[in-house]
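Asker: Based on these hints, arrange chain B on the given structure of chain A.
Protein chains: 2
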Amino acid sequence: MQKLKGTAVVAHGGGPTAVINASLAGVIEERRRHGEIVALYGARHGIQGVLAEDFLDLDREDPNLIELIARTPGSALGSCRYKVKEPDYERILEVFRAHNVRYFFYTGGNDSMDTTMKVAQLARQSGYELRAIGIPKTIDNDLAETDHSPGYGSAALFYACALRDIGADLRELPGRVTVVEVMGRNAGWLTAATALARHQPDDPPHLIYLPERPLPAEKLLADVEAVYRRLGYAVVAVCEGQRDEKGEPFGADLIAADGFAHALAGNLAHALSQLIARRLKLRARSEKPGLLGRTSAAFVSESDRQEARICGREAVHAALEGESEKMVTLVREPGAAYRVRTGLVELERVANVERRFPTEWIHPEGNDVLGPFLEYARPLTGEIAPRARLSGTPVPRRLG
Amino acid sequence: MQKLKGTAVVAHGGGPTAVINASLAGVIEERRRHGEIVALYGARHGIQGVLAEDFLDLDREDPNLIELIARTPGSALGSCRYKVKEPDYERILEVFRAHNVRYFFYTGGNDSMDTTMKVAQLARQSGYELRAIGIPKTIDNDLAETDHSPGYGSAALFYACALRDIGADLRELPGRVTVVEVMGRNAGWLTAATALARHQPDDPPHLIYLPERPLPAEKLLADVEAVYRRLGYAVVAVCEGQRDEKGEPFGADLIAADGFAHALAGNLAHALSQLIARRLKLRARSEKPGLLGRTSAAFVSESDRQEARICGREAVHAALEGESEKMVTLVREPGAAYRVRTGLVELERVANVERRFPTEWIHPEGNDVLGPFLEYARPLTGEIAPRARLSGTPVPRRLG
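Protein chains in written order, with this note's numbering: chain A, 4 to 403; chain B, 4 to 403.
The shape of chain A in the complex, shown without the other chains:
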C-alpha cells in the first residue's frame, strides 16, 4: 500500500464524555510511531474549528500533560453541536487542502459520523486523497454496529453510583419518593445502568422506566404506590426522553389541565414528582444530576478509559493502513471472561442510525431491566461496591 504523507486533524463532536480525552491521547500516541503524519492538529470545537481554520498544534504539547488530560473528563479540544450545511463541505475541503490535511479523525456520535462520511465522500468525488476515520463516543450508547461506545461505561458508573447513594439517603430518611432524571435522549441504556449498583433485594432504584417502552401515567402511579406501601419510600429512575403511551411528553395529558405543561419541558423528573405528590399525596422530589453525569471527574470507568484510548490508536492505525470512510468499533470476544478487540464498520452503517435499548432486556412489566442486560453492562463499569451497613442487632423491647 502506498504511503500517504500529510497533516492529520483530530476533532470532537457532540457532548463531551468522561473518556473522550483518552481517545485523543490514543491518537497522539499512535501518531508518534509513524512518519507519514507530518503534523497533528486539533480542531477547536469540532467541525466548527475546521470551518474557522482554528487549529491547535498538538505536537507542541508536553507528553506528560497529555497523560494528565487522558485521565480528565471532558473535551480538551472543545466540541460543538453544529449541523454541517451543504456549502460547508466545500469549505472544509478548502481548509484541508490549504494545510495538506490527509487524515481526519472525528470523535463523536451518529451525527458526527454523518459529517465524517460526507467530508470523505466529497474529497473522494473531488479527487482529493483523504482518509477519514470515525472514533466512537457517546454516553448514550446508541451508536450502531459496536458492542458499546466509549463514554457509556463511565456515565453508567456515575448513574449507578448516583442511584445507590440517593437511594441510601431515602432508605435512611424514609417517607419520601424521589424521581431521578437520567440522560440518554431517546435511548434507555443509561437509565438501565442504574440497576448496576443493586446488591440486595429492595435495593434502589425500585422502578426503572425506559423510553423504548411507552408508559401510561397510571401505570407509573400504581407502581410507585405499590413500592411505597411495601418499603415506606420509593426511588424511581426515568430517562429524560420517556414518553407516555400516546408518544407524548410523559404526563402531558394529566398536567395539561393546569396549563403549565410548557413550564415543565426539559424537566421530566420534576413533572413526575409533582404528579406523584398530587395524585398519591406522597412527599415527592426530583433530582437531575444533568451534565454531571458525563463530566464528573470522580466517575471514570477504568475499562472505559482504556477502550477509549485503544479506539483512538486504532483509528490512526487503520488510516495508515489505507482505510477510510469507516468507524472504529468494539467487538466483544465470545467466552466467559470479558474481552474486546477493535473492528471497523462502514460509516454509512452508523451515520444517523440510533441504536435503541433491546426490548427483550426490558421486564414484561416495563418497570425494570433483566439479567442479560446486567451481564452485558457489568464489565463496562467495573465492580460497584455496596455501601457499608450495620449488621443491626435489635435490642429487646421492655415497654409495650
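It is worth saying that the hints were derived from the structure and are not from the lab.
Quantities reported herein were computed from a predicted structural model and do not represent experimental measurements.
One or more hints might be untrue.
Pairs count within a copy or across copies, as identical chains cannot be separated in the list.
To be verified - Simulated crosslink set (DSS-like; lysine-lysine; CA at most 25 Å straight-line):
1) 6 with 121
2) 249 with 6
3) 86 with 284
4) 222 with 8
5) 249 with 222
6) 222 with 284
7) 88 with 284
8) 284 with 8
Answerer: Frame of chain A, contents of chain B only:
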C-alpha cells in the same frame, strides 16, 4: 465527680451527611474506653426510634465494620424529620427509664438540638439523672456558636467539584447558560462554596447568588447577559432558598402571568433557566444534583471526616466529665495554619438558631463571594485540583 453508670443512646436527626457516620464511630470508639457506659444503643431513625423503643445494640457490631461505616456517607442508624410534640417528651423519658439510659447523644442540626435540650430539661425537672450532649451535623453550616459544622466540608467539596466539572462542560461546548441549584435552605454557605474550585479568571461559576441578599430578577438577567457576551457561555450557582427583592420565591412575579408558578415550586434552577431562555433568548438549562450533594460516596473531605469523628468522641468524653445540655463545637485556633479544637456551648444558644452567611463576605454586586470566605472555607474541603487543560498553541491560518 460522681460516676454515672447506665446505658447510652446515640441517634441521628435531620438530613444525613457524608460524615455523620464518622461521628457515630467517634462515639463508639470513645465509649469503649470507659466502663460507666454499660451498653451503647443506636436509636433507629432518630428520636422516632426512641419513641418506638426501636434500638440497635451497637456493642454487637464488628469494630472493622464500624471503621468501614465511618468512611461511608449517610446515616447508618437512619434518621428522621419528626417534630417532637409535647406528650412525646414524657414517653422519651419513660423509654429511657426502662433501659436505664443515662447518656443521650443526638447528632443533628438546630432542630435536633432543640429536641436534645427539651429532653434534658424534662429529665432534670423530673429528677431523672441524664446527661445529654448534642453533636453538630449539617451540610448547611447554619449551626450557631461553632466555627463550622461537620458535614459542611464534604458537601462544599461536592458542590465545588460539581461547578468545576459542569463549568468545564459548558466551556468546551459553549453557546449555553446553565443554572445549578445548590442545597442550603435559607443559608448561602454551600452556594458560596461553589467558588472554591476556581483557579483562573473566568473559571466557573461566573455568578453566585446567596439567599442572604435578596435579588431582583432584572439584576440576574443583566448579570447573565453580561457574562454571556464576554465568554460565550455562563454558569450560575443559586441557592434553593433564593428570594427576590420582595422576599418572594425568585421570579414569581415574572412567571405568575403564565399561571404556572406552583409548577415550579421546589425547582428554582429550572424556573430561572426558563426565565433566562425566554427573556434573553439564550439556550439555558438547569442541573439539580439535589440529594447527591450530601450522600455521594465520592466526595468526602478528609478533614471533615476527622472532625466529625472528634466531635463524636468529645460528646462522650464531655458527658462522662459530667457535662449535659451542651453541644460540641469546633473552635478555630488563631494562626496561619489551620487547626481546630473542640469546645462546648449551652444547647439553648444553638437550639432553633439559624446562622446565616455573613453579608460582609458577599460582593457588593450581590453576585459573588469575597476572599475572606475563601480563606475560611478552603481548609474545610481540602485542596481542589483544577482540571488539566491543553497549553493550546494555535496553528497559523493560511486562508482568509
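Asker: Within, between, both or neither: how does the pair residue 88, residue 284 come out at a Cα-Cα threshold of 25 Å?
Answerer: between (51 Å within a copy, 23 Å between copies)
Asker: Please work out whether the CA atoms of residue 222 and residue 8 approach to 25 Å or closer within one copy, between two copies, in both situations, or in neither?
Answerer: Cα proximity of residue 222 and residue 8: none, with 61 Å in one copy and 56 Å across.
Asker: Since the copies are identical, ignore which copy is meant and state whether residue 86 and residue 284 lie within 25 Å (CA to CA) inside a copy, between copies, both or neither.
Answerer: Intra 45 Å, inter 20 Å, cutoff 25 Å: inter-copy only.
Asker: With 25 Å as the alpha-carbon cut-off, assign the pair residue 222 and residue 284 to within, between, both or neither.
Answerer: within (16 Å within a copy, 37 Å between copies)
Asker: Please sort residue 249 with residue 6 into within, between, both or neither, judging by C-alpha distance up to 25 Å.
Answerer: neither (56 Å within a copy, 72 Å between copies)
Asker: Quick one: residue 6 to residue 121, C-alpha cut-off 25 Å, is that within a copy, between copies, both, or neither?
Answerer: within (23 Å within a copy, 84 Å between copies)
Asker: Please work out whether the CA atoms of residue 249 and residue 222 approach to 25 Å or closer within one copy, between two copies, in both situations, or in neither?
Answerer: within (13 Å within a copy, 42 Å between copies)
Asker: 25 Å Cα cut-off: does residue 284 pair with residue 8 within a copy, between copies, both or neither?
Answerer: Answer is neither: 69 Å inside a copy and 47 Å across each miss the 25 Å cutoff.
Figure legend: structure checked against the earlier numbered hints; hints not met, in rising order: 2, 4, 8.
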